[in-house]
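Engineer: Take a look at the letters that make up each chain.
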Amino acid sequence: AQSVAQPEDQVNVAEGNPLTVKCTYSVSGNPYLFWYVQYPNRGLQFLLKYITGDNLVKGSYGFEAEFNKSQTSFHLKKPSALVSDSALYFCAVRDRGAAGNKLTFGGGTRVLVKP
Amino acid sequence: DVKVTQSSRYLVKRTGEKVFLECVQDMDHENMFWYRQDPGLGLRLIYFSYDVKMKEKGDIPEGYSVSREKKERFSLILESASTNQTSMYLCASSDGTSGYYNEQFFGPGTRLTVL
Numbered sequence: 001a002q003s004v005a006q007p008e009d010q011v012n013v014a015e016g017n018p019l020t021v022k023c024t025y026s027v028s029g030n031p032y033l034f035w036y037v038q039y040p041n042r043g044l045q046f047l048l049k050y051i052t053g054d055n056l057v058k059g060s061y062g063f064e065a066e067f068n069k070s071q072t073s074f075h076l077k078k079p080s081a082l083v084s085d086s087a088l089y090f091c092a093v094r095d096r097g098a099a100g101n102k103l104t105f106g107g108g109t110r111v112l113v114k115p
Numbered sequence: 001d002v003k004v005t006q007s008s009r010y011l012v013k014r015t016g017e018k019v020f021l022e023c024v025q026d027m028d029h030e031n032m033f034w035y036r037q038d039p040g041l042g043l044r045l046i047y048f049s050y051d052v053k054m055k056e057k058g059d060i061p062e063g064y065s066v067s068r069e070k071k072e073r074f075s076l077i078l079e080s081a082s083t084n085q086t087s088m089y090l091c092a093s094s095d096g097t098s099g100y101y102n103e104q105f106f107g108p109g110t111r112l113t114v115l
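Going line by line, the protein sequences match chains A and B.
So in this note's numbering, spot 26 of the first sequence is number 26, and the numbers just go up one at a time.
So in this note's numbering, spot 30 of the second sequence is number 30, and the numbers just go up one at a time.
If you are wondering where the hints come from, they were derived from the structure by calculation, not from laboratory data.
You may find that some hints are simply not true.
[To be verified] Result set (EDC-like, lysine to aspartate or glutamate): computed pairs, CA atoms no more than 16 Å apart in a straight line:
#, chain 1, residue 1, chain 2, residue 2
1, A, K102, B, D95
2, A, K22, A, E64
3, A, K114, A, D85
4, B, K3, B, E72
5, A, K102, B, E56
6, B, K53, B, E72
7, B, K3, B, E22
8, A, K49, A, E64
9, A, K102, B, D59
10, A, K102, B, D51
11, B, K70, B, D26
12, B, K55, B, E72
13, A, K69, A, D54
14, B, K55, B, E30
15, A, K102, B, E30
[Claimed, not checked] Footprint (simulated), chain A over chain B, 3 or more residues, beta carbon under 8 Å:
#, region
16, 39-52
17, 102-108
Note that the structure is a prediction, hence the values are computed from the model and not measured.
For every residue, glycine included, the Cβ atom is placed at its ideal position computed from N, Cα and C.
Start from the sequences, fold in the hints, and give me the full structure.
Structural biologist: See the structure below:
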């Protein structure tokens, strides 16, 4: 079985400061990992994914994420947060060895960037 | 750009009613998904389909059924709506031809209230 944990329900950060949203995962094999963002009253938008290769993945809107196999983590980061980054962020995982195309999502982390 | 549309943004129904939620995608994607989103629980997969007339149960299929008669359209059916089905419903699609690591594209969601 595959699972994802986002340990923080909410992250507060001042505009211009670094932003980190944490994610840990559990799979029996090797993972595909994803980050999505949801702005108010909108569907989810894809930010970035880790498939293989370089552990540092760069995505949309200046976000990046680092895959750490030993810690089974895939934390989302942004060097300098904007007020417009305030949104709900979801981490998701798929076990490469599993049949089908099912993603398992974490519970989400709300990010509030204050001016 | 991929566009996933859902038939309603807001829907209010009575207990016991049969409810249809429609989803259409315009990118010729093989895979389509229905999720429900509840605070603190993230997204939970209800059903998915990897081809016309094909469907598989997700993590929480009880009380729901689906239909996929055409490649671009995936319908979620609540046979007899209950108050515990009050939720945000999200449809998604993804390209199935390149493996199971393709990102999913989401519709704007339907907020269903069952009274």
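Engineer: So, for every hint listed, does it hold in this structure?
Structural biologist: Right, here's what the structure says about each hint:
Between A:K102 and B:D95 the CA atoms are separated by roughly 13 Å; this keeps the pair inside 16 Å, and the hint holds. Proposed proximity of A:K22 and A:E64 is supported: the alpha carbons are some 12 Å apart, at most 16 Å. Between A:K114 and A:D85, the direct Cα distance comes to roughly 10 Å. Compliance with the 16 Å bound is thereby established for this hinted pair. For the suggested pair B:K3 and B:E72, the alpha carbons sit about 11 Å apart, so the restraint of at most 16 Å is met.
With a CA separation close to 10 Å, the supplied pair A:K102 and B:E56 stays within the 16 Å bound. Restraint check for B:K53 and B:E72: satisfied, since their Cα atoms lie roughly 12 Å apart, inside the 16 Å limit. With a C-alpha separation of about 14 Å, the suggested pairing of B:K3 with B:E22 holds against the 16 Å cut-off. Annotation: proposed proximity of A:K49 to A:E64 holds, straight-line Cα distance about 9 Å (limit 16 Å).
This hinted pair checks out: A:K102 and B:D59 have alpha carbons roughly 10 Å apart, not beyond 16 Å. For the proposed pair A:K102 and B:D51, the alpha carbon gap of about 14 Å is at most 16 Å, so the pair holds. Proposed proximity of B:K70 and B:D26 is supported: the alpha carbons are some 12 Å apart, at most 16 Å. A threshold of 16 Å between alpha carbons decides the hint, and for B:K55 with B:E72 the separation of about 14 Å falls inside it, so the pair holds.
Taken as a hint, the A:K69 and A:D54 pair is honoured in the structure, with Cα atoms around 12 Å apart against an allowance of 16 Å. For the given pair, B:K55 sits about 12 Å from B:E30 by alpha-carbon distance, which is consistent with the 16 Å threshold. Straight-line distance between C-alpha atoms of A:K102 and B:E30 comes to about 14 Å, which keeps the hinted pair within the 16 Å bound. With a threshold of 8 Å between beta carbons, the proposed coverage of the region 39-52 of chain B by chain A holds, since 8 of its residues qualify and at least three are required.
Here the region 102-108 of chain B counts 6 residues with a CB under 8 Å from a CB of chain A, which clears the bar of 3, and the coverage holds.
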